[in-house]
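Q: Chains as they are written, first to last, in UniProt numbering: chain A, 1 to 505; chain B, 1 to 306.
Hints should not be assumed to be uniformly reliable.
[Stated by the list, open to error] List of simulated lysine to aspartate or glutamate pairs, EDC-like, C-alpha gap at most 20 Å: (1) A:K214 x A:E199; (2) B:K186 x A:D113; (3) B:K186 x A:E73; (4) B:K162 x A:E223; (5) B:K162 x A:E231; (6) B:K239 x A:D93; (7) B:K162 x A:D113; (8) A:K56 x B:D178; (9) A:K196 x A:E223.
FYI, nobody ran anything at the bench for these hints, they're computed from the structure. No experiment lies behind these values; they were computed from the predicted model shown.
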Amino acid sequence: MTETLLTIEGLTKAYPGVVANDNVSFTIHEGEVHALLGENGAGKSTLVKMIYGLVKPDSGTMTLRGAPYTPSEPRAARAAGVAMVFQHFSLFDALNVAENIALGMENPPAMRDLAARIREVSETYGLPIDPYRTVGDLSAGERQRVEIIRCLLQDPRLLIMDEPTSVLTPQEVEILFQTLRKLTAEGVAILYISHKLEEIRALCDQATILRLGKNVGTCVPAETTAREMAEMMVGSAFQAPERAPRELGDVALDITGLSVKSPSEFGTSLRNLHLTLRAGEILGLGGVAGNGQDELLAALSGELRSDPDSIKLKGQPIGRLGPNARRQLGLLTAPEERLGHAAAPDMSLTENAALTGAQREGLVSNGFLKWGKARDFAEAVIARFDVRTPGPGTAARALSGGNLQKFVIGREVMQRPEVLVVNQPTWGVDASAAAAIRQALLDLAGQGTAVLVISQDLDELMEISDRFGALNEGRLSDIRPAQDLSVDEIGLMMGGAHGMEVAHV
Amino acid sequence: MDFSSINPILLLASLMVMATPLLLAATGELVVEKAGVLNLGVEGMMITGAICGFAIAVNTGSPILGLFAAAAGGAALSLLFAILTQFALANQVASGLSLTLFGLGLSALIGQGYQGIKPPPFPRLEIPLLSDIPVLGPILFRHDIVVYFGIALVVAVWWVLKNTRAGLVLRAVGENHDAAHALGYKVVRIRILAIMFGGACAGLGGAYISLIRVPQWTEGMTAGIGWIALALVVFASWKPWRVMLGAYLFGGVTVIQLNLQAAGVAIPVEYLAMSPYLITILVLVIMSADKSSAPASLGRSFHASQ
């Protein structure tokens, strides 16, 4: 066994009302890929924030290479050789690549030298990138390269990666893994957080599993099945969604030559999309984030208007109609962003239920709201989808991500849509809640609703969809039956490796 | 009408004087906004700086000391805004507006005994040799030191923002404060320093009016320059050079319209008086048609929760 790099003993951190980490201990060796597993809210983020110096532990000790390690701020952590690739929030859109990287370094060299070093490191590790490009123009995969290069330039001993593959195509994931394996061969340890159990089985040497802030076990991922790991995370037998055989009906949604210009500067415009969706069918649309998913949802919900004939609902052109008119006709949507798009954060669940359910549930009469009926509707959603909340008067913001997601999806499902469009229905939702949401979508399709699922989680799409297509730079690939697709084919549909290449050394 | 009374050399020279208060205040506000803070209290900080500088200059007899006092006064008032918005997480728009109202009232209170007094004269810098050049000499090289300071400030702000680490960190904080915090930068501290810098610049700009341009004290004598400075920053797309251009344009049109008024042009005075505001904004709107946008975190409160 190689030398111990980092030892964590009895780390505890409590926030008001919740113990995020309770007496967590584990050890990372040099050159090891160590997975940190757990559902949302299990305390993974808090734990890595403590290692990176963003959060101070209440008690417990950390030892790095034999010396006590108490980073007071990220700067100290970086100086000690700990680097972190964040899940979000850590790049500056308006700055260029070199400037972004300089911000993550202690003593950056002059810009010109830095640019040269960025080129050098990026070539060595197969992550080519132009130092002078503006980060806002980069694809998700390229942005992640920027983060990784930023870490590599500091010669880290421990690299923390928080959900690094959620934005990558399978080909890009394979290249990332090769880069990581090259790093571990040089003795760098990697602490790897992911929900994707198959990836962890392929990459990681050791895994520590957290549940409700406690360390509930370790395993060697290569020798454990994904199902066993999922059950350790959830703490109970895990129920996978079941799909019942169903009959396909008439064409419910017909998209012909849909082109929409993105309203945002860094967005992706839709280019000439064609698809048909039949009643009772689930169509899965994959693709790396930022390839037109948000725009497609907006075009279908009515937030973006298009040619009248490019979107037809049961033969009726609806391209010019607004969201309320479309809801009335039975086209319902649930966007990706829970707080701020799907739900108004500071409004209660009753108010949020009334916001989208007003027409179809008859919650409005003559311009007056029927609060009693709206509350009943919210309570029905809460009961049927097992939303854990004190009651319908709670503000949406106060719910955990998984619970709010169950609510916003349930709210649409309960309105008996003709066509339901969801974007990232289980993003950041733990395994059991995700299974419940997928089951609800399957059941809905079983009742004859046409369902369009836009997601970056390929396992999810393969699990529930009948046919699969991928968005790439605003274009839609051919749509093919999901059952006989291989991972390679899916990757190519998603646009391949986006110019990434394998490490050169 | 008598255009012969308009002396083009004098006109261009007074253009630089006219533009300087606006240039100072707008450059300060540009730095504040680059750090992601929207301080609408520029007018209040200017007028406070004007009276602080005036009072100290009168009492000590030193106009230079007055300028320092003006910067300190503006910065002190902006500190109030900083505490409200950075620690109490108050709304920046409301805090900024109330800062302006507060500054106008405070300056009127301090200025009670100073009406009608003449401040000590400000030394004019006659640069040897250069000031003797015909035409260019009187236009460019016979001004007080603050005019040159204003130009130097724009150059310095541009250079620091573009080429130094401090400038990069400042821009990063204004662009995405969560990311900057995650990388370990002190968002609140950086913003407070930027706010105080903006306050000092605004105070200096105010004192330039009360000590050098007018020079005397009257209530509300900044007359909306602070608001123009705010608009200037936006329409200049947060670029120092465009701020300078806008400030000189504003100064230029102001001087011309004053001269035209004196020459008795047959255009109603009201139209002439509104022309500098109109023309400056029009030109900058046309220029800002390119895609450069505001700092992404502008006006958003930051709290390091978790």
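Q: Each hint needs a verdict: does it hold in this structure or not?
A: Here is what the structure says about each hint:
At most 20 Å may separate the alpha-carbon atoms for a hinted pair to count; A:K214 and A:E199 exceed this at roughly 23 Å. The straight-line distance between the Cα atoms of B:K186 and A:D113 is roughly 26 Å, outside the 20 Å bound, and the hint therefore fails. For a cut-off of 20 Å, the pair hint linking B:K186 to A:E73 stands: about 10 Å separates their Cα positions. Taking the CA atoms of B:K162 and A:E223, the gap is near 53 Å; set against the 20 Å cutoff, the hint is violated.
Taken as a hint, the B:K162 and A:E231 pair is broken in the structure, with Cα atoms around 53 Å apart against an allowance of 20 Å. For the given pair, B:K239 sits about 17 Å from A:D93 by alpha-carbon distance, which is consistent with the 20 Å threshold. Proposed proximity of B:K162 and A:D113 is supported: the alpha carbons are some 16 Å apart, at most 20 Å. About 18 Å separates the Cα atoms of A:K56 and B:D178, which keeps this hinted pair within 20 Å; it holds.
In summary, the hint linking A:K196 to A:E223 is supported, as the alpha carbons are separated by about 16 Å, within the 20 Å threshold.
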